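Peer 1: The primary structure of each chain is shown beneath.
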Amino acid sequence: MREKVELLAPAGNLEKLKIAVLYGADAVFIGGKKFSLRAKASNFELSDIKEGVEFAHKHGSKVYITVNIYPRNEDLEGLEEYLLELDKIGVDAIIVSSLHIIDTARKLGCKFEVHVSTQQSVANTSSIEFFKKAGAERIVLARELTLDQIEELRNNTDVALEVFIHGGMCAAFSGRCVLSNNMANRDANRGGCAHSCRWHYDLVDKGEKISEEDFLFASKDLMSINYIKDLIRIGVNSLKIEGRMKSHHYIATVVSLYRKLIDEIYESDYQISNNRLLDYEQEMSRFENRAMGSGFFGGDVTHEGQIFENESKQPNQDFIAFVVSYDKENRRALIKTRNYFTSNIEVETLSPGGITRKFNLGDIYTLEGEKIEISNTPDKLYYINVDFELAEHSIIRKLS
Amino acid sequence: MKDLIVITSSIDEIKNLDADSFLIGNKYGVRTNRVFSKEETLEIKDIVSKRGKRLYILVNKIFLQDELDGLFNYLSWLKSIDVDGIFFSDLGVITMGEQLGIKDKLVYFSETQMVNHKDCEFFVNQGLKGVILSKELPLEDIITTSKLVKGNLGMIIHGYLHMFYSKRKILRNFFEKYNQEYEYQNKRTLKLKEQKRNEYYPIYEDENGSYIFSHGCMSSLNDFKEIVNSDLKMFIIDSIFLSKEHVKNALDYYKKILNGIDGDYQKLIEEEFKEVDFTTGFLHHQTGIYK
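Protein chains in written order, with my numbering: chain A, 1 to 400; chain B, 1 to 291.
Just chain B, with the same shape it has in the complex (with noise of 0.2 Å):
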């Protein structure tokens, strides 16, 4: 069964949009747009329960030892409340899953190194839900590792990709050399601009570290049809940074294309939204070692 997931901050969005499944942040999950308290957690729970929907939980952070107890704490909570699948990226999450015999709800998501076949099944051999494969993979390997592993694989389809994930405060330390206040804290208006490209990448810093994001939206409509007929099964758009008529115009129209209704949506939305840059990110961009 296909998977429509949107990662969302949005607690309207989770009452409103048609997706399948709503994947939502917390304090063990880095680059959304909002923490969800455990209250609000239980709150969405319900909400999504009575929807006929699914509950994952973005617990995406490279931990450092001395959270490890709060995070076995928070996993153990989360078996409580029986959400439907944790997102995660370090893999220490594996060790405590199988603990606490949660395995089968770890989906496992650290964008950047699930690139091959093998490495996929490695994972689905270790008993978890899933795995989303890295969004550096251009379609034709996507569809390639598709087939060849049986499991419960799943992509990013739609929304600036995350290409950099450091400790580093690199905003806060660049005021601080030149002794300028530093206002940026989780704001997210900031972009860099590469002085010998037309092209500005989203950023932002936290408390955990900073990010930047790819130039432009990724869209993957004018590929998603093949993307359906491949054995894929989850389908992720990630909300940050855009707007809610666009989160649920492309969901929509993501969800007219696994329903078979077809249609010149690239087209559509690129109209809709035109101050958005599309890209098709990796999907058509094979990466190279050298130049």
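Just chain A, with the same shape it has in the complex (with noise of 0.2 Å):
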């Protein structure tokens, strides 16, 4: 019997690794300090590695490190030893684009697997040969398949396929674009993607400038809700989150959803209705706040694939603290705060578990006890009295 897709999602820290492990990621792929992209969200010492991992290994979540940049010469030093302090911790597998590093671990003997990030564009069962004949154990696929394409792929190779289904996307092909490079000095495959597909063009013929609009050629947020279920049919075994960079909200809501989805597409043997993955659809709106589209999966990228304005960049203010503790005795919930808040609103609350509850949030205290009124300052601490038991890294959102 085939098994059970996995469910990948992103971390940039510690803290969103256990709420992506809690929210239910069945595997979680962070960066470390060394030989990553998004380099600005790779903040995980090997210490922090360590503890990912236990923390993960303990509730039966993977972990794979991405060492997906193209190293300079600069940058090779000290690979062999990163490698074999991962494989020492126990990381379940790298992401990997170099071919050096890909050979390196092998040669090392290294026990963990290897996955051949999307940044080598793969699109056919000739070069995942080549890769699979390199020692690598899965692929992530390039993002310019069709559901079509990803099942001839899948029926012909026995290699394990992770597809992308949710997040940011390279208007490019994965890897193939030095936009950055030469117009911000900013080194794309090395973590310094400068996003010049987001920036602002004019259209020139022949000198004249041909267009009254702004020429925009960034692509949507990948969203795959009506995609999930044929992605599972078809047999890839990894469905990926994107966003290293995003909130601990943004991976508790959409590791969540994914992962009620996926479970009832199991459970409804496929027989899902469309009006629950309108509910779905309906309920990711709620706090995605960039446009959203399907990709490649359905055909070619047409302009409604696109973004031609900008993007409205106002953050969704929902997500208003999470839950540190719960006081049973006092029944009482320790939170941390993020976005303003007034007392005595109605919020709802998203638990580890995916279960949620409404509540009138009633009045807030600080440590002292003093009572409060609002809360506009992010990280504090107060108490808020709670009838029910609250889990740790519940989130409390704001309802509309």
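Worth flagging that the hints you see were computed from the coordinates, not collected in a lab.
These figures come from a predicted structure and were not determined experimentally.
If a hint is listed, it holds; no wrong ones were tucked in.
Here are some chain A residues the structure puts well away from chain B; computed CB gaps all over 10 Å:
#, residue
1, S273
2, Y280
3, V323
4, G354
5, T366
Computed cross-link-like contacts, DSS-like style, restricted to lysine-lysine with a CA-CA straight-line distance of at most 30 Å:
#, chain 1, residue 1, chain 2, residue 2
6, B, K118, A, K133
7, B, K118, A, K132
8, A, K206, B, K244
9, A, K111, B, K118
10, A, K260, A, K229
11, A, K132, B, K150
12, A, K206, B, K248
13, A, K34, B, K147
14, B, K53, B, K225
15, A, K133, B, K233
16, A, K209, B, K274
17, B, K118, A, K33
18, A, K133, B, K27
19, B, K79, B, K103
20, A, K206, B, K193
21, A, K246, B, K196
22, A, K220, B, K187
23, A, K206, B, K187
24, B, K244, A, K209
25, A, K132, B, K103
26, A, K34, B, K150
27, B, K177, A, K206
28, A, K34, B, K118
29, A, K220, B, K196
30, A, K107, B, K150
31, A, K107, B, K118
32, B, K27, A, K206
33, A, K206, B, K196
34, A, K358, A, K260
35, B, K177, A, K209
36, A, K132, B, K79
37, A, K132, B, K27
38, A, K206, B, K267
39, A, K50, B, K118
40, B, K103, A, K107
Every residue gets a Cβ at the ideal spot worked out from N, C-alpha and C, and that includes glycine.
Since each chain sits alone in its own frame, please combine them into the complex, following the hints.
Peer 2: Following this line, the structure appears as structure tokens:
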């Protein structure tokens, strides 16, 4: 019998790793301090990686480490030691672009799996065979493939296949763009991408500007609720959410939502109704503040899959706090704040396992017991009275 | 032996230019000015052989599964006509090259990923004919890498640098979004101007997707003496967006430098082609991780 599909989530730090695991990720991918893209998001020291791996393994989840830069000569130093350290810690896989890094990991005899990054834009079985021979166990496929093309690959290889299902997308084939290097002196293939595809351009023909409208060509973010059932049916091994820079709230809600969806697809024996899929879409739209599209799953990306105007950068303010602990005796929760909120508003909690409950927030108390009406500073600790037990890492969000 | 290669779309150039090798497009290649048919390729092969030059074929698409059979047949055909080299980007071509026994004809030309000596070494050790370094490398890295790798390495020395390769039809989508007629398929006259920079990036689109190139024409004439004295062996002039005169003169100057004839060739080419913005690409332009 085919194994249940893996839900793979991003984590930019240890706290987010724990949230991803608790909210239902079967595996989490994180970056170390070295050899990783999204350098700004990668703040895992080896000690953090170790703690993250222990936590994840304890909860039955796996940890993959992105070792996905194309290193320059000066970046190569320390690679072997780093890979051996990762192996010693017991990470489950590394996600790699460079053939030298794959080769080194295999020659060192590291026990972890090697997953080929989407930076390699693998789109056919000849290419898959090449990486298999080089020592890879899994391919993160190019994000330019349709559902039918993914199925064709699945039917023609025994190598594990991973597909992006949610989050930001490159406008170019991944790894084949140096706009950022050229325009901003920042190396896209070493984690410095300046997102030049999101800038505004004029379109010029023979020296004359030919359009009043700004020329933009960034891709909308990917959202795949309507494709998950088919991806599972096809036999894709892992479904990946992008976003190591994303917030706690984002990780918790997106992971939780896809977890529920995947479980429901299996429980319904693939008979999930269109109405239920619509529910999931509506739930997603409550907190996703970026324009979403379905990428190449359904065919070529039309203008509807691109961004043509400045996106609203207004972050979602609904996430007001997360639960640090719950005091059963006094029936109160210690919360850590995020966004602005006032006392006595209607809120909803989302807890690990995807459980949601609605209640009135009631009064807010400082640690010294002083009652306050407004919280407008992040990372403050307050008490609130709650009649029911709230799990650690539950998030609290406003109901609008 | 040093190999001066011109990516060309012109049979006239193949007949007349004094390059060592010609690299041409076909339906399995992208971002060239012309797709040569098999018949034309045979004709070119004949011309090149008679002139004592070499013929290289550009097979640099990222291939989808349903293209593999055709690609395999095409590579078999290239073997049968005994081309001198096949420049590729999709690593699946190595798998096929092995099956066909033509790995020693393959040159890895991914354009963005060969940025350190160890990765180059990996591909050289696969038994390939050679590896072309990525265009975003500074000169210092190019020289160092060439010394560290025992194999046939090359680089682009002249032309507009290909910076962005997408399967998305970003031009067509733009025109459709604003309900305008799209008349620019495969046209080479459009440029993007980033609104805060006074730079113009050539852009075009064909059935395989869209391509954006660097502002200005990269020239390494001022640095070519140093480059030639390194261990690099293949030097590519990419003729896309260049006039025939430009390609001819540039080739002539590089050839002179190769033959030890000194001159201020950069000054000459700038005087001859005043309409062209010349740059040194990434040769003196280190790119880092942060601003």
